[in-house]
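J.: What follows is each chain in one-letter form.
Protein chains: 2
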Amino acid sequence: MNPKILLVEDDKILGYALKTYLEMRHFQVNLQPNGAEGLSAFNSEQFDLCLLDVMMPIMDGFTLAEEIRKLNPAVPVIFLTARSMKIDKLQGFQKGADDYIVKPVDEEELIARIQAVLRRTNPSPVSISSYSIGTLSFDWHSRRLNDGAQTVILTDKEADLLRLLCERKNQLLDRKVVLQELWGKVDYFNRRSMDVHMAKLRKHLQLDPKVTIINIHGKGFILED
Amino acid sequence: MNPKILLVEDDKILGYALKTYLEMRHFQVNLQPNGAEGLSAFNSEQFDLCLLDVMMPIMDGFTLAEEIRKLNPAVPVIFLTARSMKIDKLQGFQKGADDYIVKPVDEEELIARIQAVLRRTNPSPVSISSYSIGTLSFDWHSRRLNDGAQTVILTDKEADLLRLLCERKNQLLDRKVVLQELWGKVDYFNRRSMDVHMAKLRKHLQLDPKVTIINIHGKGFILED
DNA sequence: TTACTTCTTAACTTCGTCTTAACGCTTTTA
DNA sequence: TAAAAGCGTTAAGACGAAGTTAAGAAGTAA
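Residue numbers (the UniProt record's numbering), protein chains in the order written: chain R, 1 to 225; chain V, 1 to 225.
Calculated directly from the structure, the hints in this document are not laboratory data. Accuracy of the hints is not assured; some may be wrong.
No copy labels: a pair is met if it fits in one copy or bridges any two.
[Said to hold, decoys possible] Computed cross-link-like contacts, DSSO-like style, restricted to lysine-lysine with a CA-CA straight-line distance of at most 30 Å:
hint, residue 1, residue 2
1, LYS185, LYS200
2, LYS203, LYS19
3, LYS12, LYS169
4, LYS200, LYS169
5, LYS210, LYS70
6, LYS219, LYS12
7, LYS210, LYS12
8, LYS219, LYS200
9, LYS19, LYS185
10, LYS210, LYS176
11, LYS219, LYS4
12, LYS200, LYS12
13, LYS185, LYS12
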């Protein structure tokens with residue numbers, strides 16, 4: 001499904017132009033003429049991204065962004081600002097903007113920025129499936145763990161587990177997160193099952209002696225390389 | 001702990017100026033003069049963010065960014081580009097830039113963009129879990145206390161205790177507050193238990209000789225650095 | 001069917017953490 | 001100054017968490 005964008009822009013001509021352009025580039029766009037209506041639109045639908053003009057009547061972009069953050073801090077926000085607007089620009093970032101675009105809008109740049117923000121926020125479904133761990137490389141799709149010399153083919157669960165670890169390499173991966181993601185439920189048996197898989201993964205990862213999965217007692221695991 | 005930035009810039013004057021400015025703003029900066037050395041620096045340390053000049057001898061910024069992504073796709077990249085460079089700019093985004101800055105660099109804007117990118121990539125806006133104590137860094141979430149050289153993994157209670165101390169660094173932390181927060185009850189045994197944990201913490205904190213936990217008789221403790 | 005793979009369950013072992021106890025030193029109080 | 005209370009420290013034990021191996025169970029392919 002194409003990403004859904006909430007566009008709030010009071011300038012009708014620019015607003016319509018942007019909407020048309022974004023739709024041409026396969027985004028779904030909901031255009032609203034001011035902050036108040038933008039907010040109520042945000043209330044009634046799910047969006048993947050908000051594109052907000054800063055200078056607007058009724059409710060300005062920054063205030064709207066604050067309201068949006070209160071409702072759902074996960075949805076990224078990009079501001080549209082006038083070229084001169086330097087101080088406001090900074091305030092905008094302070095209030096949790098993910099990016100901003102200076103008017104007049106360069107359409108290609110806009111697309112690029114939107115895609116960059118979406119890539120970061122939605123670890124996309126097509127997504128990265130190749131990871132490097134020390135000297136090893138791991139491809140989640142083909143479930144191969146590669147040494148340079150030899151290749152080990154992991155099982156489904158092992159691969160899923162390793163992917164989670166890779167996504168938080170050198171950071172704590174919480175046990176509960178794993179159980180919720182891969183088993184859907186946190187109970188004693190799933191926990192034990194996970195430990196078994198972890199043991200198998202450790203064995204596979206011995207291909208590179210520097211790679212280890214360390215345990216944080218009572219919390220989770222860290223994949224270190 | 002302050003964010004660690006890998007800065008790769010071949011212009012020595014600009015590079016040094018940026019490094020100085022960023023350090024003034026409490027970032028840790030590793031400055032490298034070209035792509036090759038930038039890559040090897042990236043290999044040997046963990047960074048929170050990379051700031052790469054696009055036009056460089058030996059290895060240009062885009063190529064470097066690609067190599068960096070291969071090693072760790074989670075680390076955000078910001079490019080430094082010349083004003084005119086439009087097509088390259090877009091290529092940069094395609095190759096996974098998180099943002100770019102047009103030269104000549106506006107320092108405040110640079111800081112704002114860095115902070116924006118870091119806020120997005122570092123997942124915990126809710127509760128701060130990273131503290132610095134003297135030369136040490138402590139991450140409550142993963143319970144790691146870091147020296148630069150070595151890392152000690154604390155236990156749950158130790159980590160909780162250290163967090164409380166950090167939150168009131170160089171101020172009195174009342175015994176009763178600790179007991180109420182971490183044990184839920186103030187009695188003789190909990191008090192003794194806390195003292196045991198305190199002793200262990202002191203031992204860990206010997207990593208930096210300047211850091212001490214001093215006792216205020218009958219009142220509580222002060223973490224000094 | 002048999003052979004094979006993968007995941008779960010079980011059982012046993014090892015390890016880590018927290019509490020409790022003990023002892024000695026320091027500070028406060030009577 | 002003596003007694004009491006507060007604190008630093010080490011060690012031992014209990015308990016739960018995690019590592020490990022192997023035996024079922026369930027599914028898949030030949």
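J.: Could you tell me which of the numbered hints above are not met by this structure, giving the numbers in increasing order?
T.: As far as the earlier hints go, 2, 3, 6, 7, 9, 12, 13 are violated by this structure, in ascending order.
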